[in-house]
Structure formats: structure tokens, C-alpha cells
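S.K.: Sequence order for the protein chains is S and F.
Residue numbers for the first sequence follow the working numbering, beginning at 1 and rising by one.
Residue numbers for the second sequence follow the working numbering, beginning at 1 and rising by one.
Source of the hints: derived by calculation from the structure; they are not laboratory data.
Any given hint could turn out to be false.
Said to hold, decoys possible - Capping the alpha-carbon separation at 20 angstroms, the derived lysine to aspartate or glutamate pairs in EDC-like fashion look like this:
id	chain 1	residue 1	chain 2	residue 2
1	F	K138	S	D35
2	F	K725	S	E108
3	F	K326	S	D35
4	F	K412	S	E108
5	F	K641	S	E135
6	S	K112	S	D214
7	F	K445	S	D207
8	S	K105	F	E726
9	S	K105	F	E718
10	F	K722	S	E213
11	F	K330	S	E37
12	S	K112	F	E514
13	S	K112	F	E413
14	F	K556	S	E213
15	S	K112	F	E718
16	F	K330	S	D35
17	F	K556	S	D207
18	S	K29	F	D372
19	S	K66	F	D693
20	F	K552	S	D207
Said to hold, decoys possible - Restraint ranges, calculated between C-beta atoms of paired labels, are given here:
id	chain 1	residue 1	chain 2	residue 2	range
21	F	A195	S	I226	29 to 39 angstroms
22	F	K138	S	Q151	47 to 57 angstroms
23	S	Y106	F	I397	28 to 38 angstroms
24	S	Q34	F	N289	52 to 62 angstroms
25	F	K6	S	M30	56 to 66 angstroms
26	F	E321	S	K22	29 to 39 angstroms
27	S	K64	F	L250	24 to 34 angstroms
28	S	S209	F	K679	25 to 35 angstroms
29	F	N730	S	K40	48 to 58 angstroms
30	F	K138	S	K40	48 to 58 angstroms
31	S	Y106	F	N643	24 to 34 angstroms
32	F	I397	S	K112	23 to 33 angstroms
33	S	K66	F	G69	40 to 50 angstroms
34	F	N730	S	K22	41 to 51 angstroms
Stated by the list, open to error - Here are some chain F residues the structure puts well away from chain S; computed CB gaps all over 10 angstroms:
id	residue
35	K6
36	S165
37	N171
38	K207
39	K243
40	W331
Each residue gets a CB set at the ideal place from its N, CA and C atoms; glycine is no exception.
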Amino acid sequence: MKSAVITFPGSNCDRDMDVALKKFGFKNKMVWHQDVELPKSDLIVLPGGFSYGDYLRCGSMASKSKIMQSVINFANSGGMVMGICNGFQILVEAGLVPGVLLRNKYLEFICKNVFVKISDKDNAYFKNIKNNVLELHIAHNEGNYFCTNDQLKEIEDNSQVAINYCNNEGKIEQPFNPNGSIKNIAGIFNKKKNVLGMMPHPERMIDSSLSGEDGSLFFKNLLNNIK
Amino acid sequence: MIVNEKIAIDHGLNKDEYKKICELLKRTPNITELGIYSAMWNEHCSYKSSRLHLKKLPTKGKQVIQGPGENAGVIDIGDNDAIVFKIESHNHPSFIEPYQGAATGVGGIMRDVFTMGARPIANLNSIHFGSSQHKKTKNLLRGVVHGIGGYGNCMGVPTIAGQTSFDSSYNGNILVNAMTLGLVKKDKIFYSKAAGLNKPVIYVGSKTGRDGIHGASMASASFDDKIEEKKPTVQVGDPFTEKLLLEACLELMAGDSIIAIQDMGAAGLTSSSIEMASKGNLGIEINLNKVPCRETNMTPYEIMLSESQERMLIVLENGKEEQAKKIFDKWSLDFAVIGKTTKSKKIELFFDSEKVADIPVNTLVENSPMYDRKWKKAKLPKKNKINKDDINNLKIIEVLKKILANPNICSKEWIWQQYDHTVMGDTIQKPGGDSGVVRVHGSNKAVAASVDSSAVYCWAHPLTGGKQVVCESFRNLISVGAKPVAITNCLNFGSPENEENMGEFVECVQGIGEASSYLKFPVVSGNVSFYNQTKDQGIKPTPSIGGVGLIKDYTKMITMDFKEIDNVVLVIGKTEGHIDQSLFARVVLDEKNGPPPEINLFNEKNNGETLLKLIDTNLIKSAHDVSLGGIITAVSKMCIKSNKGINLKKPKYLISEIEYFFAEDQGRYIIEISKKDQKKVIDILNKNAVHYDELGTINENMLFLNEKTKVTIDELKEFNTKWLKEYMSN
């Protein structure tokens, strides 16, 4: 299975994503933001980091970089595009997924493990995954997901919510919401569910010496789904 | 402007120094030249008060590749891998402008590390604030934490450990010390020594602005009532540009075009160009019109003294300019050939076709002043007579709760949760343990790092305190299963012109030297920060020690959380009941006098090395060193981390329970072992003449004391975690 990770100026989880994808069997290529064409891929990943320093608005400048037109075309033709953290912010700014990401409710960067409940398994990302709850890691300053009531209704009607912050038992409640996201939303899809944006970093949870191993479950499942 | 003595004094030089400059030049310097001298001769850059004493530190060792004198120290960790590391202060700017001061401190130290060709793999910091009651403390703490996070997070380098303390002696002078570790191949280390004639001198990175002019001079003076006016001397950080600069430099370094490279830190273009020339015994000629400037009409004086961040100076091989420029163009960074190396051994500056400075390099470096300042030896304070009846009436659990909630002991989660500590995917021990640990990417090795200081001990008796900090760093590394390799030190003191402050410096350095020499734990890099002083009030002497250790097989790393119910808990090292200068004495007895705990270097080494042996033979389940708050505080933290309890019992000793549990005797560790290994462990301890006491066994979730009193771990946790969060949310 082929994947490609885009490096924007200021991306800093691009290597981590490369390591993770390769570990679980993807043939991964790194793509520079000023390239025009994407390599032939089954999955495109927009990694975490601080593209363009998060100056202006997180993800907004990166969403206008050269390669993004190809990413948008790829997504519109049904290709799988996943944005993690800053990658999610870029997807939002590019209009590939609905909503916006505001500054965290307590105005502070948060780096910690969280639990997320998989809210929809009828998609190529989470199909067949055994667990309903994953322990993942977040590290962000602007992960407070927000959208209008109309958008929210549409998102929910189409079951576009991918994951919600919850406790270890899968309870989606306010105390387990780390950043103030509306409805504890941690990740969402586009309408066709080929584009996924999420704040948690599965690539930081890929072996038992790290913060945990639930990221491994995610990547193994993802690879099997794409095969 | 005609330079005279008064202008020289305004630049922080004294009369004799100005006279010496005129003699060395055999004429009166012009304003640009005076600025250059003042920048090179200030305390921060010249180490004029400290050089004499720093020379005495042990700096060599089997694993030392590069000791002090370069941008950072370098140690060998085997397999052609090396670790580059250094700690540096950014105290003065952080008090004036906490966010930018702290941020640029982090940016500066990372540049020191990647200048040598190493990719930064971990950041640490040691930050010290005034009393929590002081009106400025909260905002300074918030600003500093946001600044450290803002810069390190954006760079994508994990912040893996740190230290925070509160003490009223920092009310007017906070301390912000930042440390970075980088990973490099041993045969790809870059140095700052220029070589060869007519080689192009290249400027890369951000443009030069008017920020930070005289930053180094500001950091070489005490504060007064007008410090707010010094805001323009604080640099402004741009971590995004630094991330680009990092990637561009590493890309260029992969080739073979660089002869020498030096970051522009304190005193900017001045010190970077002069250091390269001085080390290479060459001259440098610069055309200042070629320097990329952010603002219009900048004068040679401003260009030379600006401390704008994210800039590097490179001496390149001839003919490699185009190839190098391509890399910096790719990363959208300025690249300019601004001069060349010459045989003149002078720094020659041109601006608008005029020569604006002409200074022999040696007059700035070798001939810079060096002072043997007067200093006063500190006496060892007399032991306090503690009224045993008073302390024996205290309820241990109540005292414990108070100590766990003390600002200097409580959980610092509020701080380190704001630092990305997991980016790069190799952090295997997060903040909150004895050391932070990161894997050497793609290998079985890991590097542990810790940063420590004990200002109270150093204040009570500098010689003992100096030794203690090194020992504590040694213990923190051993507690995670790392073999201590080398240290970097950041020496924060008051004014060297005050005999007592100078004495504190001299004796702390002596203590550091003695301990690091005995423990074979050499000093490979460091920095001195004097004048942490407002008017006549200096800070408590605060040497920060950044220790680095190696774990050959990272699966053998130890953490401090208790692992299994019914396992046995021992304390290694002897408890004499030393209460003077302990947290207990200060917090509970309100007693500030007396000597700090004694240091026995033989025991430190023997206890530590024996524990490493036990760890290596897989006999240790968890370990934690005993420091502030004594045995019961250490044990409680291990309980809190694991949500497990302990049946704690004081062994039969002549000292009282309170003394046993809260004493801060040195050289001790708490260890957890399984029952079946107990005999084996005790045999090894006995064979190595290591004293130990059995403390008890692990239970589900209670701390039982002598089967009489108990408290739930949840309650202890509550006391330990709530103070800082509540303090910062009010």
C-alpha cells in the first residue's frame, strides 16, 4: 500500500508519521509542499506541526500552498486524505472538512493522553477495528472544534463525526473534553468519508515504550482496510 | 559621535577598561568599535570574573569529545553516535519580558546545539520564581511557561524534564535556564574554528533588526527601578524561522561545504565573527551593506550589536556559494555573502565604502579583562538544636500533606502539560520522573537527562551545596537506569563585585568540581550568569546542573511508579536524621538556619553504582532518589504515580519518626524489589557495603504508617496536584 506525507514549512510530525506508516507496512513517500503532483498513493497524510508558524490562522497559509490543489483534486475524486492535528487544521482551512478549530478553551497548549470513542465504523479508516475506545495522544493549542448548528446537524445526520473525547469506558462527557470542542468532537469526516481530520496523534502511540499502543491498532487496521 | 570616557562608562565599561582599549588600539575607538569592545568585554561574553575559577573544573573524560569552549559540549555514546548538549541562562530578559525572554532562551540554546551539526532531540529547563505571594510571580510564571512552550513546541523538539522552584530571593530576578540535547554522528560534528584565507563568510537566517541591541550588556548589570525601560533590549523570537533554519543548516551540513559555523547569539554578529576569527587565528572582513536588514537606515553600530534571533554565520569552501544558496532559497531564508577571511588577524568592517572598524582580534579575546575578584569564604553554620518534644507531637500524615502541597514539591503537571513532550516519537520517560528519557532514534539506546539545583543548600554552605547539586543529578540519572556521563552547568549568582556573592560563586564551583571529579562526571559545557541582583539584593546562589546519562538497552529503563502489590520497598543509603535546611525545617518549623546535609562522595558513588548493577541484573522494579521532603515524600510520590499504597514502617533507630521520615540525608534511593529477589538484592547490597533499611510492602491504595495511621493515596494525590492548578487559575 502506498502513502505520501506532505511536508510544509514548519511541519514537525512528518518524520514521526513516516516512521509509523513504514512500521505498519505502507510504502511511504515524503512530498514537498512546492511540488505540483502527488505520487501515486492510496493515502495522503497532512502531518502535525506548525505550518508557516501558525501565523495568521493555523493551517490557513498551508491550505494555499502549491501541492494542496492536487490534494484537493485527489480528495474530490474519492482518494483517502488524512490530516492529523495541524493537518486537520489545514483540511478545515482548505474546506475539505466542515467547521473550524479554535484556540483551546483554557487558552493553553495541552500535551497528554486522551481517550476517544470511535463514533462511526462505516468508513475506510475505522471499519473492522475491534475496539470502540482508543487511548491516543494530543498535543495542540488550537483543537477546539466548532461549527454552526446547521453544520452540526448536517454532520450528525451524515454520521460524519469520526471520534469523540471520552473516558476509558467510552462515556462522552464534558469533564473528558480537553479543549472545549463542541460535542467533544476530536475528529470528523467529509461527506463521503474519504477525508478524515483529527486532533489526536496515532503516530505517537505505536509501541509499548511510548505513551501507549493504540496507535498501532489504528494503523494496522487502516492498512488492512486499504489492502 | 566622538567617543570619550563617559560614553564608555555608559556602555558598561569601567575607566580602566576604557584606558586599556585606547592603549591596545593606540588611539581612541570610534563608536562602532567601542560598541564591539563593550559587547565582547562584558561579563556575559568575556567571563571576566569567572574564567579564573572555571578553569579548575574537570572537563575531560573517556567519553568527552568536546569540552567547554565550543558552542556546546559533546559526548561519545558509542556506535559513532554523539550527544551535543548545553544549558544557558536567559534570566534578565525573562524578567523584563517573560514570554519573549524565555522563548528566545530556548531558541538560543537549540541554535547552539544544531550549529554543531546535531539535530535537537530534547529540551529541558530550570526555572525559578519569587515567592508565590509576590505580585509578579503568577504572570512571570505564566509568561515563561508559554514562552518555553511556544518556542519548543513549534520547533517540534520534546521538552522532557525540568525543575521549577519558588523562593523570595527571586522576587526581583527570576531565573530561566534552558538546556538542549542534540544527536549527531561522531564524524559529522561542526566547529566554529575558521580556516583558510579568502573563504567566503556567509550570513543566513532572519534579517537583522534593532531588537536586542546591548542584550548581553543588559545581562551583565544589576536591575534598578528603571528596568521596564530595558524592554527594547529583549530579543523577539520566531520559532518558525528557526525551524526552517534548522532544516536548512542540517541539509547543508549533509554535504562537505562548511568550514566553520557559528550561531549569532549574545552580541550577535560581533561575537560570532570574532569567535570564528579568533579560533582560526585569522582576520575577517565584512561589508555591512551586504547584511540583510529588517529596518532601514541601520547604522554599523546597530548592525554589529543587534541580537536579532535565528541567524547564523558560516565560513564556506570557495565555489560552494551557489549550491548552498539553493538550500536556503528552498527554505525561504536570507543568504548573503557578507565578507571573507583574511590574514590580517583583524576584524575589519566596511560600510558605504568606508572602513568603520579596524580591530585586532586578539585585543577583543585574549586581551579581554580577567579579574581575580575578592571573595569571602563561607563558614559552615552551626547545627540547630531542635526541640524533640516539639517535633514528636507533630502528626506525620498532616505534615506530609503540607509538604506534598508545598510549591516546591507539588506536581508541576500544569507546567509540563503545556510542553509538547512526545513529538519525535522517542520519549520513553515523560516529565514528572527523576529524569526525562528519549531513545536514540532507530537504536536500542536511550539518553537520560535531568536538571537540578538546590539554592537553599548552596546558600547555607556553598561548598557543600555545589557538591550536592552534582550528586543529585547523578542520582536522578541512576534512578532511571542511566549511567551518568557528563554535565553542563548554568551558574546563576548575584554580583561578582560583592565579596559574599563572589565567595558563593567560588565555593559552589569548587564543590561542583570536587563532586564531578570524584564521580567521573565531567563538565563539558556551561554558562555563567552574574548580576542576578536588584539594587543590593542578590538571589540565593543557584548553580543548575544538567546531567546526561546513557541507557544501553532502553528496555531496562526504570520508572518511579510502584509496580506490584506485595513487592518489598527498601531505602538504600543511611538516614542520620539531618533536618537542618530541609523542607520540613523551613515549612513546618520555620527554621532557616543550620548546615545543609553532608555529602559523602564515596557513599554517593558506591550507592549509585551498586544500584546501577542491580538495575542491570533486572532486580529493580522501580526506583526514586530521596531528595526534598525525605523518605516519606519520595515514597508518597511513588505511590501517587502508580495509584498504589504502602505499609510503611520505621526501622528501629534512635532518631524519631519525624526525623527518619523527613530528614534530607544524601545518597539515598527508594527501590522496589520482588519478594523472591529480596535475598539476592540484600546480598549484593551487603557485599558492596551499601546500607539499607526495609521500609515495607506495597498495597492497593493506602499509606499505612506503623499499622496505626493511614491515608488514601487519592487524598495524597489531591494535596500534591491541586496547589499549582488552583494558584494559576485564580
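S.K.: Please flag the earlier hints that this structure goes against, numbers listed from lowest up.
M.R.: 1, 9, 10, 12, 18, 19, 21, 22, 24, 39, 40
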